[in-house]
Structures are given as C-alpha cells and as structure tokens.
Amino acid sequence: MISEFPNLVNAKFDLRAGNDANRNLFGWCNCSEDEFRLGPFSVRVFIRYVDIELSLEGCVTNYDSWFAADMRPTSAQITFESENETTDRKSKKDNAEGSLSSDNSSGIAIGFEQQYEKSIKNYQKFSLENRVNFVVASGSETHARWRFIKAQNETHIDGFVLKNTKLASISNSKKCKIEVYVKIPKFGIFTSPSRFNSIREQRKCNIFAIIVRKKLSGKYKVISDDG
Amino acid sequence: MMDDLGSVAEKIASIKSTKFLNLIKVYEFDPETDFVDVDLRNSDFSYQDVSKFNFSGSLLTGSNTKGAKFSEQSLTYAIFFDPKLMEQLKPYRYLINRSVFSRRYYERIANFATLAICNPKSNIFPIGEEIVANDISKYASHFAYNVLHIIESNEMSENTKSLEIARIARKQTYPLDRQKYYRELEKLQKMYSKTVSFI
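Line order of the protein sequences matches chains P and W.
Read in order, the letters of the first sequence correspond to residues 1 to 227 in our numbering.
Read in order, the letters of the second sequence correspond to residues 1001 to 1199 in our numbering.
Among these hints, one or two may not hold up.
Heads up, simulated DSS-like pairs for lysine-lysine below, C-alpha to C-alpha not over 25 Å straight-line [as the list claims (entries may be wrong)]:
1) P:Lys186 x W:Lys1025
2) W:Lys1069 x W:Lys1019
3) W:Lys1161 x W:Lys1121
4) W:Lys1052 x P:Lys186
5) W:Lys1161 x P:Lys214
6) W:Lys1011 x P:Lys214
7) W:Lys1019 x P:Lys215
The set of hints was computed from the structure by calculation and includes no laboratory data.
These figures come from a predicted structure and were not determined experimentally.
Construct the entire structure; sequences and hints are all you get.
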C-alpha cells in the first residue's frame, strides 16, 4: 500500500455486491515490521496500531438501519461516538452490553448495532486475555472506524488484522459516496535506526527515523466509490 | 515521499555537528509532539536548552546531557537510563531524572537523597555513579559518593541504611542555599511520605 514500505501495512479493500441488495465492504490487511534504506540510513519501522475508516457521504439517513458495520476482531471493545447532530440522540451514556460470538475465520465477532462505552477496565481485561491484536471500533450512522492495536505481549502488530473479512454492509437503497481510508497515527508508528557505524551516524539516523515517522503518518485512501 | 526523504537524507548526512539542536535544523519539527516516544539514544544534548521539547517516553539512554536544560515533562517521562533498570525503579523515575538533571545542585542532592532513602539498594548505583562521575557540583558528587558507600555496606540492614542516608541528608549545609535545600527535601518528603517519614 505504501510503496516504500510494502510490508508495513499491506491492505486491500473492495466493495462486493451481496445477495440482499447490499454492498459489502471486505478487507484484507497484513502488518509487519519493515526496513527502509536510503543513502547512508537504514531505519526499522513497525506499527503499534492502525486505523481503518469508512465514511459515507452525501446521504440522508433518517435513522434508517441501512448501514451496519461488522467486526471480526479476536477481542473487541466498542466505543460509539456521536459524529454529528443527527446522531446526538445516541448519547455516550446509553450503554448496552455487547454480544460476542464465534466467527468463521478465527476469534470472535461482535455486533455493531449496539452502543458501547469505552472502558479502560474492560480494555485491559480483554487485552490480558488475548495475545492477539485488539480492536476498538467507533462509529455513527455515516462513519465507522476500526483501530487494530498490537497484542499486549507484543511490541508491534505482526500478521493479519483482517483476512478477507466483511467489515460493513451498506444498503443500495441510498446513494452515497463511499470512502475507505487506512490511517496510520503518528504514535502508532515506531522507527529506530537499524544500522550505523558510529555514534555520530546513529545520531543522524535517529533524526532521520523521526522524519520517516512524521512522513509516514497520515491517511491513505484505499477506496473511493461514488455509488 | 521518497524524493522528499532523499533530499532530507542528503542534508542530514552532510551536517558536520551532531549536536541535537543542529541536527533538527534540517526539517520542520513540532517540539511538542514530534519527539514523543522516539529513539534518541546516544544523542548530544550537552549545554543545549531543550526545554521546549517534549521527550516523554523517548529513549535518551547514553546521551550526553551535561549542562542540558530539559522540560519538567521530559524530566518526568523520558528514559535517560537503562530501560530495564527504569522499569525496576518505575515509582522513582521522577526522583532519578531530577537527581541528575535538575538545574540546581541542591535539588539534585535532595532528589538523590530521597531516592536512596526510599530505595537503599544497589540498583541505584548507575545513577549514583553518573552523579559522582559527571555532576559539575562538588557537593552533589560528594554526597552521592557517600550515599553509595552506605548502600555498599554489608553491615547494615536496608532500614538502617535508609536512616543513615536520611541523617547525612539532614546534615548537609550549603551556606547560600540551605533553606532552599530543606524546602526541596520537605517537598519530596510530602510526595513520598509513605516511604520517607524520617527526613
């Protein structure tokens, strides 16, 4: 996905027509440590978390249940945030228990219809139970975001976070612009110099690594579909 | 992105001085956010004012910090010493960083005294040795030397060592800064009152 870092976030997303007049968003995303060499510098890059964002623009929802985002997390905690005035009726205080169920691929899937309050306590509980990547999802009627976080016992995400996984189902009844982004937040990226011959070189390489992190963080559009 | 990085790499490679403030001139950085959680081991901060930079969570191990001025935020959250050691001494990170990097010698002494009273164990040796070897104040290096000597003793229990360090901390007299030194000790005593009740 990022040409200089083919292993760091290797992601592919597509919209497929479903049997039920819906379009389904499928995702495939593999993250791994990467190395970047440029001139005298060699920098190791790895990520601690990565966001996938789905945005549906230009439609009036009238609170219809026309959009449902699904998770395929191996453990999950959902935060539901109001993104705009139309969804303010869904106050953060309206919490509900989530249902965890087995998924075909691996781990657990969680329904997205309910709202959940992010809780540090629960977060720790989930992440302690699993050595696998952790997902935090948030959304409204027109936006959804999944954050894949490294497993607690790992230093970075290594392996698949999505494997041909259905992320969302969007009804064809409403015309809208669908955009999907992969976002790498600055503090989700770690860089460190991997090779140097002297302390002077290391100092330069340290600064270069910080620049690489700064350049690399940001939003990468992976789908733009006008419907 | 590659082209940009290529030209930046050339610029960095051609710089002669590797002092921190010189190196960062090659790019527009945000001092508040760009240096959080980064690897800056073996950097040269000597005699530089880096108090505008936030190094929280960053690894600064092995750096030359002589005469450098760090922000309170960096002093609290940056990792200046071996990360494994810092993990062991996590509750005292505040004291450790201030023992070495506070601007005033009496603050450094008070912080090291409190650290040693709270934790009179050999794992604070690297910090004490750093002070003995590099502190520009004779008072601070002499005090650290005496504290290490007490901790090294096989004849005292840990509790006795703490009491002895507290005794010599109380006895320090710096004619010009005596009151400030005692105020700093009292402040630290309040912060660590559960472990230090005898200063």
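Under the constraints set out in the numbered hints, which ones does this structure not fulfil?
Per hint list: single violation, 5.
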